[in-house]
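Those protein sequences? They're chains C and Y, same order as listed.
Numbered according to the working numbering, the first sequence spans residues 1 to 245.
Numbered according to the working numbering, the second sequence spans residues 1 to 337.
Since the hints were derived computationally from the structure, they do not count as laboratory data.
It is possible that part of the hints are untrue.
Here are the computed lysine to aspartate or glutamate pairs in the EDC-like style, where the Cα-Cα straight-line distance is at most 16 Å [unchecked claim]:
| no. | chain 1 | residue 1 | chain 2 | residue 2 |
| --- | --- | --- | --- | --- |
| 1 | C | K158 | C | D133 |
| 2 | C | K94 | Y | D209 |
| 3 | Y | K188 | C | D68 |
| 4 | C | K80 | C | E30 |
| 5 | Y | K113 | Y | D199 |
| 6 | C | K73 | Y | E200 |
| 7 | C | K158 | C | E31 |
| 8 | C | K73 | Y | D209 |
| 9 | Y | K113 | Y | D10 |
| 10 | C | K158 | C | E27 |
| 11 | C | K94 | Y | E198 |
| 12 | C | K80 | C | D58 |
| 13 | C | K94 | C | D133 |
| 14 | C | K158 | C | E30 |
| 15 | Y | K113 | Y | D29 |
| 16 | C | K94 | Y | E200 |
| 17 | C | K158 | C | D58 |
| 18 | C | K80 | Y | D209 |
| 19 | C | K94 | Y | D320 |
| 20 | C | K94 | C | E113 |
| 21 | C | K73 | Y | D201 |
| 22 | C | K80 | C | E113 |
| 23 | C | K158 | C | E59 |
| 24 | C | K73 | C | E186 |
Simulated DEER-style distance windows between Cβ atoms [stated by the list, open to error]:
| no. | chain 1 | residue 1 | chain 2 | residue 2 | range |
| --- | --- | --- | --- | --- | --- |
| 25 | Y | L28 | C | I88 | 52 to 60 Å |
| 26 | Y | L28 | C | T140 | 51 to 59 Å |
| 27 | Y | Y116 | C | G71 | 24 to 32 Å |
| 28 | C | K94 | Y | I312 | 18 to 26 Å |
| 29 | C | Q117 | Y | L176 | 30 to 38 Å |
| 30 | C | I88 | Y | P290 | 41 to 49 Å |
| 31 | C | I88 | Y | R328 | 26 to 34 Å |
| 32 | Y | R109 | C | H213 | 47 to 55 Å |
| 33 | Y | L137 | C | G71 | 42 to 50 Å |
| 34 | Y | F317 | C | E31 | 36 to 44 Å |
The C-beta atom is built at its ideal place from N, Cα and C for all residues, glycine as well.
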Amino acid sequence: MSDPLLLCTRATKAFGGLVAVNGATIELDEEEILGLIGPNGAGKTTLFNIISGEIPPDEGSIHFNGVDITGLKPHVIAQKGLVRTFQIAKPFAKLSVVENVMVGAFINTSNVERANQLAREVIEFVGLSSHADQPASNLTTASRKKLELARALATRPKLLLLDEVMAGLTPTESVSMVELLQGIREQGVTQLVIEHVMQAIMTLSDRIAVLHHGELIATGTPKQVVSDSSVIEAYLGEEFEIAEN
Amino acid sequence: MSKLRNISSDYYWLLAVVFFFLIVSLFLDQFQISLAILILFWALLGAAWNILGGYAGQFSFGHAAYYGIGAYASVVLLLNYDLSPWVGMLAGAALAGLFALLIGYLSFRYGLKGAYFALATFAFAEMLRLIASELELINTSVGIHVPLIGGDSWLRLQFEDTPTNFFYSILILFVLVMVVSIWVARHKVGYYFQAIREDEDAASALGVDPVGFKLAAIVISGALTALGGSFFVQHFGFVSPELVFGVAISIEILLRPIVGGIGTIWGPLIGAIVLTPLAEFTRTFVRNPPPFLEVIEGRAGVDVMIFGVILIAIIIFMPDGIVGAAKRLGERYISRE
Numbered sequence: 001m002s003d004p005l006l007l008c009t010r011a012t013k014a015f016g017g018l019v020a021v022n023g024a025t026i027e028l029d030e031e032e033i034l035g036l037i038g039p040n041g042a043g044k045t046t047l048f049n050i051i052s053g054e055i056p057p058d059e060g061s062i063h064f065n066g067v068d069i070t071g072l073k074p075h076v077i078a079q080k081g082l083v084r085t086f087q088i089a090k091p092f093a094k095l096s097v098v099e100n101v102m103v104g105a106f107i108n109t110s111n112v113e114r115a116n117q118l119a120r121e122v123i124e125f126v127g128l129s130s131h132a133d134q135p136a137s138n139l140t141t142a143s144r145k146k147l148e149l150a151r152a153l154a155t156r157p158k159l160l161l162l163d164e165v166m167a168g169l170t171p172t173e174s175v176s177m178v179e180l181l182q183g184i185r186e187q188g189v190t191q192l193v194i195e196h197v198m199q200a201i202m203t204l205s206d207r208i209a210v211l212h213h214g215e216l217i218a219t220g221t222p223k224q225v226v227s228d229s230s231v232i233e234a235y236l237g238e239e240f241e242i243a244e245n
Numbered sequence: 001m002s003k004l005r006n007i008s009s010d011y012y013w014l015l016a017v018v019f020f021f022l023i024v025s026l027f028l029d030q031f032q033i034s035l036a037i038l039i040l041f042w043a044l045l046g047a048a049w050n051i052l053g054g055y056a057g058q059f060s061f062g063h064a065a066y067y068g069i070g071a072y073a074s075v076v077l078l079l080n081y082d083l084s085p086w087v088g089m090l091a092g093a094a095l096a097g098l099f100a101l102l103i104g105y106l107s108f109r110y111g112l113k114g115a116y117f118a119l120a121t122f123a124f125a126e127m128l129r130l131i132a133s134e135l136e137l138i139n140t141s142v143g144i145h146v147p148l149i150g151g152d153s154w155l156r157l158q159f160e161d162t163p164t165n166f167f168y169s170i171l172i173l174f175v176l177v178m179v180v181s182i183w184v185a186r187h188k189v190g191y192y193f194q195a196i197r198e199d200e201d202a203a204s205a206l207g208v209d210p211v212g213f214k215l216a217a218i219v220i221s222g223a224l225t226a227l228g229g230s231f232f233v234q235h236f237g238f239v240s241p242e243l244v245f246g247v248a249i250s251i252e253i254l255l256r257p258i259v260g261g262i263g264t265i266w267g268p269l270i271g272a273i274v275l276t277p278l279a280e281f282t283r284t285f286v287r288n289p290p291p292f293l294e295v296i297e298g299r300a301g302v303d304v305m306i307f308g309v310i311l312i313a314i315i316i317f318m319p320d321g322i323v324g325a326a327k328r329l330g331e332r333y334i335s336r337e
């Protein structure tokens, strides 16, 4: 068996007395989609911040693509092909949509024309073409989420960390976002996805990891996870039906 | 806006501006030429400030530091080593760039942002002013007169007989700074500067090194500002710590790009074209006011107050400066059709 693409070993982070993430170990194979679920305050976003380099872990290590990236700066980690999106979209408000995406594309090329071309391809792929030349500040919530995704995609990442890209979307928009993410996987991009929209995350993920009070309480296929009694108690509240499709 | 703006189009605009100034200069009298010199001089300084304060969004309140370094470097090299001011200018730019690197490293490495960064830059400029006021090497607070050789000399950057040559000199320097400014704005580095200005976390998540690119911005900006300082010494013939390191210079440098349009390529020039004649006019007006305003005659500071009022009005009514307001008017006009 080959090494996993991402290996987060016993990561721990405390803020004062609060242990936000406690010894979490996560493994991702190439082209896998791993869903990360758990109640609010479970430490999902903190775990993202640790993996993407925003905050160094107190303990534990992160290996990406066989390299130890623990403690590296976010931009260095991004340059290695591990790119995240933010739960609250952070558009470059004064730049146009295409300029926003170009900033991501510039990781691959220094040529402005080439970056523009690459950006427009990605914008087309996520379905924002009609807004391409508008200022990013004009976008709706749904479009801002797509812009976050497009910017990250333009870097041509190996691993995408998606923090609630479906929050605030209507059910129809969620379905199209799931299709979008599946399409991205077909292009060979591994994904670690935080999501509260159950239907979407169950359909999308190969495996699910459940975080509760900073600890991983279960990992497995969606079917295994939804029938796990500790998960039901901590998060789901009742047994969850996975729609057959 | 529908397509990527042609990269060279701004250079054509610059060419047009140069031709405009050259042609107009043929018809100007002595006073008007000196006004044109001032416009280009302030446009140069504004464009240099704009790279850091506008593109990269790091509001420097202490550009007098680089300006003064440029001024003193050229005059000291001229007096002690008989070096041409043009060479002194380059040395000043290099020195100012180094000092900018130091200020930038100390500020950005430790995460100073917004008002805190502005205060830090202000403090560094004040520090230089105080040091310069005590330093024997540069004649302390008394200042230095540039020795006049009489007559014209391109090598010495002195034009007693033909002041128009000062105009050509500043035009060359202005073009140089604008070429750099346009190049930066239209390349990857310019996009990275703006990304950092808009959201540093989002930028670094996309692989942008915020500290590295902010350092690049402050070094470019500081070095170009020094060119203006060197020119000033030769044109004015005198330099003192208060004159070149004083807070007044820091404020005047950032005023024009803010009024013209912060973060835009042409904002600094437009701001200089609008504000410079206005400043000269208010200064004359205060010197010789009409009879009913005799109280303000000769009072220092009235022109600065008028300036302040204009600035407040512009910030309230045109927060994006003249360029931003013009753009909004244009969009309204187009959408009405």
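Do the hints match the structure? See the list:
no. : hint                        : verdict
1   : C:K158 - C:D133             : violated (28 Å)
2   : C:K94 - Y:D209              : violated (20 Å)
3   : Y:K188 - C:D68              : violated (29 Å)
4   : C:K80 - C:E30               : holds (15 Å)
5   : Y:K113 - Y:D199             : holds (12 Å)
6   : C:K73 - Y:E200              : holds (13 Å)
7   : C:K158 - C:E31              : holds (9 Å)
8   : C:K73 - Y:D209              : holds (9 Å)
9   : Y:K113 - Y:D10              : violated (31 Å)
10  : C:K158 - C:E27              : holds (15 Å)
11  : C:K94 - Y:E198              : holds (7 Å)
12  : C:K80 - C:D58               : violated (22 Å)
13  : C:K94 - C:D133              : holds (12 Å)
14  : C:K158 - C:E30              : holds (8 Å)
15  : Y:K113 - Y:D29              : violated (46 Å)
16  : C:K94 - Y:E200              : holds (14 Å)
17  : C:K158 - C:D58              : violated (26 Å)
18  : C:K80 - Y:D209              : holds (13 Å)
19  : C:K94 - Y:D320              : holds (11 Å)
20  : C:K94 - C:E113              : violated (20 Å)
21  : C:K73 - Y:D201              : holds (11 Å)
22  : C:K80 - C:E113              : violated (23 Å)
23  : C:K158 - C:E59              : violated (25 Å)
24  : C:K73 - C:E186              : violated (29 Å)
25  : Y:L28 - C:I88: 52 to 60 Å   : holds (55 Å)
26  : Y:L28 - C:T140: 51 to 59 Å  : holds (53 Å)
27  : Y:Y116 - C:G71: 24 to 32 Å  : holds (26 Å)
28  : C:K94 - Y:I312: 18 to 26 Å  : holds (23 Å)
29  : C:Q117 - Y:L176: 30 to 38 Å : holds (32 Å)
30  : C:I88 - Y:P290: 41 to 49 Å  : violated (58 Å)
31  : C:I88 - Y:R328: 26 to 34 Å  : holds (28 Å)
32  : Y:R109 - C:H213: 47 to 55 Å : violated (36 Å)
33  : Y:L137 - C:G71: 42 to 50 Å  : holds (46 Å)
34  : Y:F317 - C:E31: 36 to 44 Å  : violated (55 Å)
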